[in-house]
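K.L.:
Residue numbers (full-length UniProt numbering), protein chains in the order written: chain B, 1 to 819; chain U, 1 to 243.
FYI, nobody ran anything at the bench for these hints, they're computed from the structure.
Please read all numbers here as calculations on a predicted model, not as lab measurements.
Just so you know, even glycine gets a beta-carbon here, dropped at the ideal spot from N, CA and C.
Among the hints, a few may not be true.
Footprint (simulated), chain U over chain B, 3 or more residues, beta carbon under 8 Å [as the list claims (entries may be wrong)]:
| no. | segment |
| --- | --- |
| 1 | 457-463 |
| 2 | 721-729 |
| 3 | 803-813 |
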Amino acid sequence: MRRTGLRPRRLVPTGLAIVLAVAFVAGTMIFSDSAKGALVDQYARAARNVDVALTAAPGGRLAPADLEAVRRTDGVASVAGRMRERLPLLDRNGRLVASFGTPGYGIDVGDDSALRPYDLTSGSPPASDGEAAIDSKTAETTGYRIGDSATVVDASDQRRSLRIVGIVAITGGVSTTVLTRAALTRLTDATGYREVVATIGSGAEAEAVRDRLPVPAEAVARTGDQLRRDLAKQAFAQISGLTIGLLLFAAVAVLVAGFVIANTFGILVAQRQRETALLRCVGARRGQILRSLLADSALVGAAGAVLGLVLGYAVAWGLLAGSVALGLQLPSGGLVLTPYPLLVSLIVGPLVTMVSAVVPAVRATRIPPVAALRMAVPATGRSRRSLVVAAALVAVAGTLTTVAGLRLAQPEPAMILVVAGGIGNFLALLLISPLVIGRLVAVLGWLPGRLFGVPARLAIANARRNPGRTAATTAALLVGVGLMAGGSTIAATVDRTAEVQLDQAYPVDYLITPAAGQRGIAPAVGAGLSGDRAFDLIAGVKRADGRVPGGTVTVAGISGAAIGTAYRPEVTAGRLAEFGPGTALVATGEGEVGDQLVVTAGSRKHTVRVAALVQNSDLVGEVILGPGDFAALYPGQRDDSLILLRAAPGTDAPAARQRIDAALAAHPLVQVDDLASVRAERGAAVRQIVGIIAVLLGFALVIALVGITNTLSLSVLERTRESALIRALGLTRGQLRATLLIEALLMAAAGAVAGVAFGVLYGWLTAEAAFGPTDALLVVPGGQLASFVVIAAVAGAGAAVLPSRRAARASVVGAMADA
Amino acid sequence: MTTTHAVRADELVKVYGEGETAVTAVDRVSVTFPAGQFTAIVGPSGSGKSTLMHLLAGLDTATSGSIRIGGVEVTGLADRDLTVLRRDRIGFVFQAFNLLPTLTAEQNILLPGELAGRRPDRPRLAQVAADLGLADRLHHYPAQLSGGQQQRVACARALMSRPDVVFADEPTGSLDTRTGAGVLELLRRSVREWGQTVVMVTHDPVAAGYADRVVVLADGRIVDDLRAPTPDGVADRLQRLGA
Ligand SMILES: Nc1ncnc2c1ncn2[C@@H]1O[C@H](COP(=O)(O)OP(=O)(O)OP(=O)(O)O)[C@@H](O)[C@H]1O
Ligand SMILES: [Mg+2]
Chain B
1 MRRTGLRPRR LVPTGLAIVL AVAFVAGTMI FSDSAKGALV DQYARAARNV DVALTAAPGG
61 RLAPADLEAV RRTDGVASVA GRMRERLPLL DRNGRLVASF GTPGYGIDVG DDSALRPYDL
121 TSGSPPASDG EAAIDSKTAE TTGYRIGDSA TVVDASDQRR SLRIVGIVAI TGGVSTTVLT
181 RAALTRLTDA TGYREVVATI GSGAEAEAVR DRLPVPAEAV ARTGDQLRRD LAKQAFAQIS
241 GLTIGLLLFA AVAVLVAGFV IANTFGILVA QRQRETALLR CVGARRGQIL RSLLADSALV
301 GAAGAVLGLV LGYAVAWGLL AGSVALGLQL PSGGLVLTPY PLLVSLIVGP LVTMVSAVVP
361 AVRATRIPPV AALRMAVPAT GRSRRSLVVA AALVAVAGTL TTVAGLRLAQ PEPAMILVVA
421 GGIGNFLALL LISPLVIGRL VAVLGWLPGR LFGVPARLAI ANARRNPGRT AATTAALLVG
481 VGLMAGGSTI AATVDRTAEV QLDQAYPVDY LITPAAGQRG IAPAVGAGLS GDRAFDLIAG
541 VKRADGRVPG GTVTVAGISG AAIGTAYRPE VTAGRLAEFG PGTALVATGE GEVGDQLVVT
601 AGSRKHTVRV AALVQNSDLV GEVILGPGDF AALYPGQRDD SLILLRAAPG TDAPAARQRI
661 DAALAAHPLV QVDDLASVRA ERGAAVRQIV GIIAVLLGFA LVIALVGITN TLSLSVLERT
721 RESALIRALG LTRGQLRATL LIEALLMAAA GAVAGVAFGV LYGWLTAEAA FGPTDALLVV
781 PGGQLASFVV IAAVAGAGAA VLPSRRAARA SVVGAMADA
Chain U
1 MTTTHAVRAD ELVKVYGEGE TAVTAVDRVS VTFPAGQFTA IVGPSGSGKS TLMHLLAGLD
61 TATSGSIRIG GVEVTGLADR DLTVLRRDRI GFVFQAFNLL PTLTAEQNIL LPGELAGRRP
121 DRPRLAQVAA DLGLADRLHH YPAQLSGGQQ QRVACARALM SRPDVVFADE PTGSLDTRTG
181 AGVLELLRRS VREWGQTVVM VTHDPVAAGY ADRVVVLADG RIVDDLRAPT PDGVADRLQR
241 LGA
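Same shape as in the complex, but just chain U:
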């Protein structure tokens, strides 16, 4: 990597619809996510968190502005190149429905690598599976796993190939507090121990408390940027935004 910025956005704008019904979901956002940092994006519902994350992850195209991931300019890439970029440089953890039901846990974890045509890195798989407590669940199908186990498999998949950045959209949204805490702890550990970059969208102040930094969004703009946040601090900030 030639830059210490894993992801960098400049003057990013996303407008949905046209004319009178146009909604500016992301409004001239400029932000950088340094490598090896755990960032949480918080904000009231409808503030544009998911939209921003989708743009940053190359899942959606911006109306204007630019994004660089690992030094590569993302805006303007063709769908095919975007797909390859996601495959090779980004890991994902979604709120739910993270896994393909027809594949076992192991196959799900190895899927991005396989799509890239890489040979499975067995030692790495063993290490990740062991760290995430999945060693004896690898040959189960998603339907045979609990919600927390499914999210851990998703984390394992996201971390498996040491991507430039892992994006997580409400990764604990459908989990109970304890299981959620486990997943968050895991993400934090990946940052601490492996130097992973993680960007997480959440509206849960407690979840945001696990991050190194919290970016606060309101009406599509960044309104605050907190370092070493505490759950109470985040909750307080959100309260003031009227969320």
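With the rest of the complex left out, here is chain B:
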């Protein structure tokens, strides 16, 4: 059957929704393919020319004998051992070069230039003891150039000067110094290889050679191809979080497009109901009506998918540019086009369109032939009662799941349950929305009604006349705004809660911790700082593993004077003032104040009285003792694990920092966290996250706005005669335009307000679940949320500009004639 009553032009907005959704899906996929491709290229450097490889167990080393054994293996042509040892590098100011607290590594220059894991980009490889090459990223951040002398810290904590002779490109985030093998061995006191790689002679088979390799215990033998594949996996893992996140956003876009499409088809079917009934009168069977509608939708979906793919390429480009701008360290390569995005787009487009069209299409088939003869308005869908019952059931299930989640102490399953409950309640909200949207619109319309009089009241009446349609239109917006509001509430709440916890527990300005891989901070550091007038509070914390009857714990030693000043944990029972020699603060969540607690460390036992129960702090430990009690358990431990430092009033930040750097000059292997800048950085990070979420969900919002335009255009067509009538009765063009703009504004505002309310509620609950037993401090980012609502409302009104123009342009007489 050719004629379905759906005019192609009216399907354009449907197509637009699917174009945008597919563009986002395709864009995300192309982007992640491209990023993966570039990363694989980079990681493959370490496996270049490698035919077989023997890799030591994590933390283990392969002995020189193992290398010789590989060399002797039948089929092996050339062999190279690869050393990689911790070798902290200092910058020009003597500060440690670290990435996320991890100091750099030293690698050896390599036996065989074809099997080197790096590329020399300038200069020459180190040839003698005092020479080194550094990686290009480190050269950039430190400003070291060829010819400069750089300092490293050797295994006995002595500084050694090296002359930089080359710059290399190498994969990985931490700083890398390339040395001769002799120099590396001398500086790090280490022997042995992390990996032995080899090429094979012509005629030999990699698998066969691999199987012949002598494999020491816990080491792994792989072919070069396996190594490359594993490296690629490692590369993918790096960005899989990002990719999954983007795909989630793409899924939201598809969902929203589905709403828009379902709604459009619903309206079209309703408008064409007489034609459909007429077709049925003249003998069309139900199946024919259904098939023709679905065929139409598949066609629109396919067309949308093709256009969406093209647009998706642009989206991928934008994502790549955006992620580079945000400083995500993605290697820059061109866009990579694999068959997957093509395939997925061409399936997703028609499929989503058809699935969305099914319900309206089935409804069309239910139109009885007699409807052609009746003037009656079509009854909409299911009855109210079954709707309410369904919504109530879903809401109960959602609420129970949420409550169960909030009761759980473990953050991850708790969050999953809360989010699942949220989805349930969101569904309930969608189900019930046709019944409540009218009231919401009326409430929101109160002020415009006062301000704009008749046009606003007509707009409210119009938005309420077809609640199902209005609800479906706003649902698309509800999803996007709800997620945005939830995301920003979570971000703000988590940020604030963490900050308050940190501020409360550590009312200090600086935290000094050992650099990664270092055991502790030399006692001299604390001693050096405690004489300094620039600081009025300094507390060293020692930490060690111990046992209590409940299990393994971290035992901390801290001076009584620091408790309540430098370290101020939240007390759940007892009083901090009770803390002193022979007592402990306990954060295991077990026991009572006044209990005798036996702490075991190796063969030593020590009994203390519980002075107070406090909230856990990862930085300090679960059992906190005074210095004397700690020394009784761990007499050998002199290094601090953490130094808390507060600048004296009147000491400005740069001055304080200078004093710290001076005190640390002899002990560079520590990390200094300036809490003020940590706070500032975290604030910036939170804002960035919110910004990214907003941009990505912006796509869903655009689709939702297409939906509003769509609904209004169709409504305008439907109301042509009404518009003409009311123009004849005295509504000016401007007022008619205003009517439609206000209607769109109210629909958008209703969706946005409901979305914000829901998002804030579940954002808060999710954050609450994430913090486990600690109460999250709800922060409602009011400004942001208000801006979401305003933006949505204004954009909604913007979406009405075209339809309202068309409505206003029509001449009164013409409009009355052709309806």
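With chain B fixed as given, assemble chain U with the ligands onto it according to the hints.
P.N.:
Frame of chain B; chain U with the ligands shown alone:
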């Protein structure tokens, strides 16, 4: 009102289209409608009745000529001013689809006044509703009213603000004879009792018989102007025009 003419048209011309396909729907028509009179415009199909009425009511713009409504020159007014003029000085009753489905009968009746920002005149509403037999239907939506009731609501709306003139285009076209007669009687009463001016387009001689005067149109020109017409007289006149 400074003139006894509610509506006056001079040398009114309306041409649709251009060049070879141009149709002169209204051809140099000059006519006056005195206040307090019930006039019917009749003529064969395509003779230009609706077009003339649309011009007179300020719903469409004339190609040339002039129109005055209640002493105000209509031709040349901007859309906005025309709209306000319609709102304040003219009442409408159309053949069908007279009411906004989202508003109740009462809200529909009060709509023009509201658009003008006037406070609803409750006593007048009560009077009109009672006269038109709508008192117990005011809070119903159009879909809940019969066709005749809908037309009566439209009449109530047109009469509510005592406009300079009420234009009705085939107001009984979609009604059965009895209901139609009720509506026509109502229009006639509004003229007799309240001094309302009514201009009605129809091609039904019986309907025209309710009027005080019948203007006969053919090919866009006025070909006759009958006083105190009878249905038979009108039918006879139309017959001779070949309608
Ligand atoms: N928008 C238009 N474009 C072109 N020609 C038109 C247009 N509207 C009306 N006409 C022509 O103008 C002439 C008068 O039309 P009009 O609708 O005024 O007739 P009428 O007397 O009301 O007829 P009926 O009794 O059928 O309603 C007709 O020839 C018609 O074809
Ligand atoms: Mg006509």
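K.L.:
Does each hint hold? Answer for all of them.
P.N.:
How the hints compare with the structure:
| no. | hint | verdict |
| --- | --- | --- |
| 1 | 457-463 | holds (count 3) |
| 2 | 721-729 | holds (count 7) |
| 3 | 803-813 | holds (count 3) |
This entry satisfies every hint, going by the numbered hints stated previously.
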